[in-house]
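Asks: Read top to bottom, the protein sequences are chains X and D. Our numbering numbers the first residue of the first sequence as 1 and each following residue consecutively. Our numbering numbers the first residue of the second sequence as 270 and each following residue consecutively.
No lab work stands behind these hints: they were computed from the structure. A hint or two may mislead.
In silico SDA-like cross-links for lysine to any residue, where the CA-CA straight-line distance does not exceed 25 Å [unchecked claim]:
(1) D/373 with D/299
(2) D/373 with X/86
(3) D/373 with X/88
(4) D/373 with X/172
(5) D/271 with X/174
(6) D/280 with D/291
(7) D/280 with D/342
(8) D/373 with X/174
(9) D/280 with X/174
(10) D/373 with X/155
(11) D/373 with D/361
(12) D/373 with X/168
Covered stretches of chain D (in silico footprint by chain X; criterion: 3 or more residues with CB under 8 Å from a CB of chain X, positions within the stretch not fixed) [what the hints assert, rightly or not]:
(13) 355-365
(14) 378-388
For every residue, glycine included, the Cβ atom is placed at its ideal position computed from N, Cα and C.
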Amino acid sequence: MIGATLPGGASNAAIARLASLLEAHTGQRLAASRAWRVDIALRPLVAEYGLLTIDQLVARLDAGEDAAIGERIVDAMLNQETSFFRDPGTIEGLIAALAENGVMRPRLWSAGCASGQEPLSLAMTLIGQERAGEIVATDVSPGAIARARAGRYSRFEIQRGLPVRQMLRWFTECGAHWVARPELLAQISYRRHNLVDDPPPAGRFDAVLCRNVLLYLSPTLRARVLDRLAAALRPGGLLVLGAGETVSGQSRHFVPSAQFRGFYTRDSG
Amino acid sequence: MKSCLVVDDSKVIRKVARHILEGLDFAVAEAADGREALDHCVATPPDVILLDWNMPVMSGMEFLRALRETALAPLPKVVFCTTENGSAHIRAAIDAGADEYVMKPFDRETLESKLQIVGVV
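For reference, chain X alone in the conformation it holds in the complex (with noise of 0.2 Å):
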């Protein structure tokens, strides 16, 4: 039933149903200002499935019939938002920011990667200045995993914040898409991880990039997020935030960085 229109919003109870699963998957909650979204957001899925209603999409979940559905309703609902160089400056800046630190070759974690355009704009930009590094790029949701992996990206998608040069070198045309090259797409390894609940991938890293994240997350989980992502840094190491989002009275790890604007500083501890 491709193309079936909805007959009104979702019910406060199927609303209720929806922003616990999110939770118990990711550890997102669904704040009233995002309950609209959900509407948009499960409309595609719930034609897929031949249904008319959000509601009828809840009851086929607790059906239990279906075991990837509650998986393709969580992956629908969270907000994948992104771009290329997204705040610009803030991608040259960090790799900037360790350089002067004498961090020449940098272990990077994007938290949060969604479709992956934050871990490649890192790996143009090391790879634009002749220097090499290692990139890390996780998400929760295992379908934003596999576009970030596939590298391919809508006229759309590939217009935002991506300097036409850069597309040119670094993309191949492939219909109405364009794909990330294989060398570029090398530089990155790609896995699912869920930040309230996984360890952080293995090592420490030189600079974590977990941007328009935390402000999903309630106040405890955001600080125990920050304290894995302190823990996953070196002393010294660089923590870099949404344009909108702090540390600021949630974590006794970092401190605003005095030599770099906008980017916090793991302490030595």
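Assemble chain D onto chain X, guided by the hints.
Replies: This is chain D only, laid out in the frame that chain X set:
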């Protein structure tokens, strides 16, 4: 306030672009072909030009070559905005001196991003 010249033979595209650009605080002028655009640039050079490829009278590429032969200094930034979305066209535009390239259809985010990249937002 920065200024943008929208060069496109489609009135609809000019209207959409104007709406987005005015929302980004640009003073917007319009031209329906390359010849008209060139006359405008000589009289009132804009900060940036949003340029279609296929137009009557003078195409986007012909305009770009003519613009680069003028004595204008500094030259306005040129952002192609066209349905010619293949890599060969994009490469040709960049080689001819375009600063950025928008593949149609476009939205506000794409346009704003490209204008940021060329340094006018």
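Asks: Are the hints correct? Go through all of them and say.
Replies: Okay, the hints, checked on the actual structure:
Pair hint residue 373 of chain D plus residue 299 of chain D holds up; C-alpha atoms about 18 Å apart against a cutoff of 25 Å. This hinted pair checks out: residue 373 of chain D and residue 86 of chain X have alpha carbons roughly 22 Å apart, not beyond 25 Å. For the given pair, residue 373 of chain D sits about 23 Å from residue 88 of chain X by alpha-carbon distance, which is consistent with the 25 Å threshold. At most 25 Å may separate the alpha-carbon atoms for a hinted pair to count; residue 373 of chain D and residue 172 of chain X meet this at roughly 18 Å.
This hinted pair does not check out: residue 271 of chain D and residue 174 of chain X have alpha carbons roughly 36 Å apart, beyond 25 Å. A hinted pair counts as satisfied when its Cα atoms are at most 25 Å apart, and residue 280 of chain D with residue 291 of chain D qualifies at roughly 16 Å. A C-alpha spacing of about 29 Å is found between residue 280 of chain D and residue 342 of chain D, which places the hinted pair above 25 Å, so the restraint is violated. This hinted pair checks out: residue 373 of chain D and residue 174 of chain X have alpha carbons roughly 16 Å apart, not beyond 25 Å.
Proximity of residue 280 of chain D to residue 174 of chain X is assessed by CA-CA distance (about 31 Å); at most 25 Å being required, the pair is judged violated. Only pairs whose Cα atoms come within 25 Å are accepted, and residue 373 of chain D paired with residue 155 of chain X is accepted, the gap being roughly 9 Å. Note on residue 373 of chain D and residue 361 of chain D: the hinted pairing holds, with a Cα-Cα distance of about 17 Å set against a maximum of 25 Å. For the hint pairing residue 373 of chain D with residue 168 of chain X, the CA-to-CA distance comes to about 17 Å; that is within 25 Å, so the pair holds.
Taking a C-beta to C-beta cut-off of 8 Å, the stretch 355-365 of chain D contributes 5 residues in contact with chain X, enough for the three needed, and the coverage statement holds. Only when three residues or more bring their CB closer than 8 Å to a CB of chain X does the claim for the stretch 378-388 of chain D stand; here the count is 6, and the claim holds.
Taken one by one, the earlier hints fail for this structure at numbers 5, 7, 9, listed in ascending order.
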